[in-house]
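Engineer: Below, each chain spelled out in residue letters.
There are 2 protein chains.
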Amino acid sequence: MAKRGEQDTKKEKGGQTVYFKSRPAIIGSYSIAGEKEGKGPVGKYINNVVNDCLFGEKTHEMSEQKMFEHAISGAIKDAGLKPNQIDMMLSGDLLNQIISSSFAARSFDLMFVGIYGACSTMALSLAMGSVMVDGGFVNNAVVSAGSHFATAERQYRYPLELGNQRPPVSQWTVTGAGSIVLSNKSTAKSPCVTAATFGKVIDWGVLDVNNMGAAMAPAAAATIIAHFRDTGRKPSDYSHIFTGDLGKLGEDILRDLLAEADYTLGTNYSDCGRLIYDEAQNLYQGGSGCGCSAVVLNSFIMKKLRNGEYKRILFVATGALLSPVSSFQGNTVPGIAHAVVIEC
Amino acid sequence: MAKRGEQDTKKEKGGQTVYFKSRPAIIGSYSIAGEKEGKGPVGKYINNVVNDCLFGEKTHEMSEQKMFEHAISGAIKDAGLKPNQIDMMLSGDLLNQIISSSFAARSFDLMFVGIYGACSTMALSLAMGSVMVDGGFVNNAVVSAGSHFATAERQYRYPLELGNQRPPVSQWTVTGAGSIVLSNKSTAKSPCVTAATFGKVIDWGVLDVNNMGAAMAPAAAATIIAHFRDTGRKPSDYSHIFTGDLGKLGEDILRDLLAEADYTLGTNYSDCGRLIYDEAQNLYQGGSGCGCSAVVLNSFIMKKLRNGEYKRILFVATGALLSPVSSFQGNTVPGIAHAVVIEC
Numbered sequence: 007m008a009k010r011g012e013q014d015t016k017k018e019k020g021g022q023t024v025y026f027k028s029r030p031a032i033i034g035s036y037s038i039a040g041e042k043e044g045k046g047p048v049g050k051y052i053n054n055v056v057n058d059c060l061f062g063e064k065t066h067e068m069s070e071q072k073m074f075e076h077a078i079s080g081a082i083k084d085a086g087l088k089p090n091q092i093d094m095m096l097s098g099d100l101l102n103q104i105i106s107s108s109f110a111a112r113s114f115d116l117m118f119v120g121i122y123g124a125c126s127t128m129a130l131s132l133a134m135g136s137v138m139v140d141g142g143f144v145n146n147a148v149v150s151a152g153s154h155f156a157t158a159e160r161q162y163r164y165p166l167e168l169g170n171q172r173p174p175v176s177q178w179t180v181t182g183a184g185s186i187v188l189s190n191k192s193t194a195k196s197p198c199v200t201a202a203t204f205g206k207v208i209d210w211g212v213l214d215v216n217n218m219g220a221a222m223a224p225a226a227a228a229t230i231i232a233h234f235r236d237t238g239r240k241p242s243d244y245s246h247i248f249t250g251d252l253g254k255l256g257e258d259i260l261r262d263l264l265a266e267a268d269y270t271l272g273t274n275y276s277d278c279g280r281l282i283y284d285e286a287q288n289l290y291q292g293g294s295g296c297g298c299s300a301v302v303l304n305s306f307i308m309k310k311l312r313n314g315e316y317k318r319i320l321f322v323a324t325g326a327l328l329s330p331v332s333s334f335q336g337n338t339v340p341g342i343a344h345a346v347v348i349e350c
Numbered sequence: 007m008a009k010r011g012e013q014d015t016k017k018e019k020g021g022q023t024v025y026f027k028s029r030p031a032i033i034g035s036y037s038i039a040g041e042k043e044g045k046g047p048v049g050k051y052i053n054n055v056v057n058d059c060l061f062g063e064k065t066h067e068m069s070e071q072k073m074f075e076h077a078i079s080g081a082i083k084d085a086g087l088k089p090n091q092i093d094m095m096l097s098g099d100l101l102n103q104i105i106s107s108s109f110a111a112r113s114f115d116l117m118f119v120g121i122y123g124a125c126s127t128m129a130l131s132l133a134m135g136s137v138m139v140d141g142g143f144v145n146n147a148v149v150s151a152g153s154h155f156a157t158a159e160r161q162y163r164y165p166l167e168l169g170n171q172r173p174p175v176s177q178w179t180v181t182g183a184g185s186i187v188l189s190n191k192s193t194a195k196s197p198c199v200t201a202a203t204f205g206k207v208i209d210w211g212v213l214d215v216n217n218m219g220a221a222m223a224p225a226a227a228a229t230i231i232a233h234f235r236d237t238g239r240k241p242s243d244y245s246h247i248f249t250g251d252l253g254k255l256g257e258d259i260l261r262d263l264l265a266e267a268d269y270t271l272g273t274n275y276s277d278c279g280r281l282i283y284d285e286a287q288n289l290y291q292g293g294s295g296c297g298c299s300a301v302v303l304n305s306f307i308m309k310k311l312r313n314g315e316y317k318r319i320l321f322v323a324t325g326a327l328l329s330p331v332s333s334f335q336g337n338t339v340p341g342i343a344h345a346v347v348i349e350c
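Protein chains in written order, with our numbering: chain R, 7 to 350; chain A, 7 to 350.
Please note: incorrect hints may appear among the correct ones.
Identical copies look the same in the list; a pair holds intra-copy or inter-copy alike.
Below are the BS3-like pairs computed for lysine-lysine, each with C-alpha atoms no more than 30 angstroms apart in a straight line [to be verified]:
id, residue 1, residue 2
1, Lys83, Lys19
2, Lys83, Lys50
3, Lys254, Lys317
4, Lys88, Lys19
5, Lys19, Lys195
6, Lys191, Lys27
Simulated from the structure, these hints should not be mistaken for laboratory data.
Please model the entire structure based on the sequences and the hints provided.
Structural biologist: Here is the structure:
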């Protein structure tokens, strides 16, 4: 391991954290979500709550795509820009061949980079968008992620019509999307992306495809430990630390894993999957899906960044890199987590 | 449109081309492919021809994953580096949730960025890897793409056991993978990546999921025209121009579309899908899949770049952004193409 500060690129030797010296600014943000999310604790911060899960479309997949279109348009409008002032779109989702993102991209005349990080996609698209802006390749980039309960259930599990019983370790895929406009020109009080810690694929051999929290917690721990090691920071250096969608069980596992590495996560740590629904909604471990961290980041978290309540946050979205085929073939569920530092 | 040369970032205003002034060097390259590809015209340039389509594994998916592992290890070895000297892996494939790439990533202790560009993935991963190196974020990045005939057929079309008849417009998904190590330190005679033109999602309303050439040719034309417009170059400024996997019909459509825009593609243009198999192999329109352009780039093309026969090439990989679900729901097949300039 190199000594901290021994840099030969924008990251320390052997480290996983890159620094964005130019501080790409978050000049636009937008969230859209479904009825269940609207009724949860962050509901009042969501820009657009859509009570019709079909969003006026014929299929849930088309509804998900439309949510992406609204999130992207909304973020661009929030930035005070016209779509032709955006250079590039970076986006991903959970659907096979990321059709929600790439079909939504048809509505925007933008260079398109498809990203896949499962539920870590909001952090990954934010990190890669910041790379594009900080590297001087583009002026403005729009980044997004999202998911839909009905499309995810059909694709990963069973058709909803079957009425399958949900196991107690399960999470509920969030219906919603979030989008951010990153810019090399800051506006007043824009939160800025100052660093990103890219994750490695971590596989602890979890075989239960319903227990995503257990599959992803080791990846979250690895990335957070790498982040603290690279930056020399500790949990108290952050106003708040958020993971993406570990859920209750995954959150508990993460706290244990970090404690073993001598980092204590206190009350300034929350999991977006645990935040997004109320206990009374009875959704077991909480929310999951790309949309989970994307919606919480672009509603509750963004509000508190913009009003100055948060000075610096660590946003660690987590993904489970399975497919139904890999699971049917007896493979384990690898996880990944990417972390982004947002400061005011 | 801004005047050429009026730059405010590393690309022209309103353009789609970014320039890599530091010239990220291709210091390692490796290709692996199956029996059919080995018997084709580029077979003798492929580093590793595997005659067993299962590659000693129990499933074709595991075989595809193993091909990625071999391609990545091979490229790192070709670069004269150890895996721990690589900073980041960027990779994508055609399988749902890009399992070939993310499962292969378990074998490497590297930051992992999942990319999805359908069959345009080799160009997209090469472009994003060059962004990481040129932007000063990493020293060395390994980028890859690949596909497998049997996994693609099962996922996109029908189980092979059905013995379905192939329509005349169909292409044959290439079994193989290619990988490149990009570095900020050049070795003697390393070809360099000097620019990339990122594509937009283009949809001309093609509904025939077998006719990928027709779906992707408009995207290839749009990206190539944007590239010429941005750079002020013309076809004759390149030793050779390669598209990814348009196949015979798609190649003909592209020539027509470019002629309409006053660009004549002459004998210095080829499609990798048309190159990879021999007419006598009777594979209709030719090869397709992420592996098609990845294998041809890392065999035939790389050889001619390294021996100085090619001074400057334009590598334009093309992708069809459909999924079986989008097609079942009556959606059209959008296309995308990303272009990369490689020079000696």
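Engineer: Hint by hint, say whether it matches the structure.
Structural biologist: Status of each hint after checking the structure:
no.	hint	verdict
1	Lys83 x Lys19	between (40 angstroms within a copy, 21 angstroms between copies)
2	Lys83 x Lys50	within (20 angstroms within a copy, 54 angstroms between copies)
3	Lys254 x Lys317	within (26 angstroms within a copy, 57 angstroms between copies)
4	Lys88 x Lys19	between (40 angstroms within a copy, 15 angstroms between copies)
5	Lys19 x Lys195	between (33 angstroms within a copy, 27 angstroms between copies)
6	Lys191 x Lys27	both (13 angstroms within a copy, 23 angstroms between copies)
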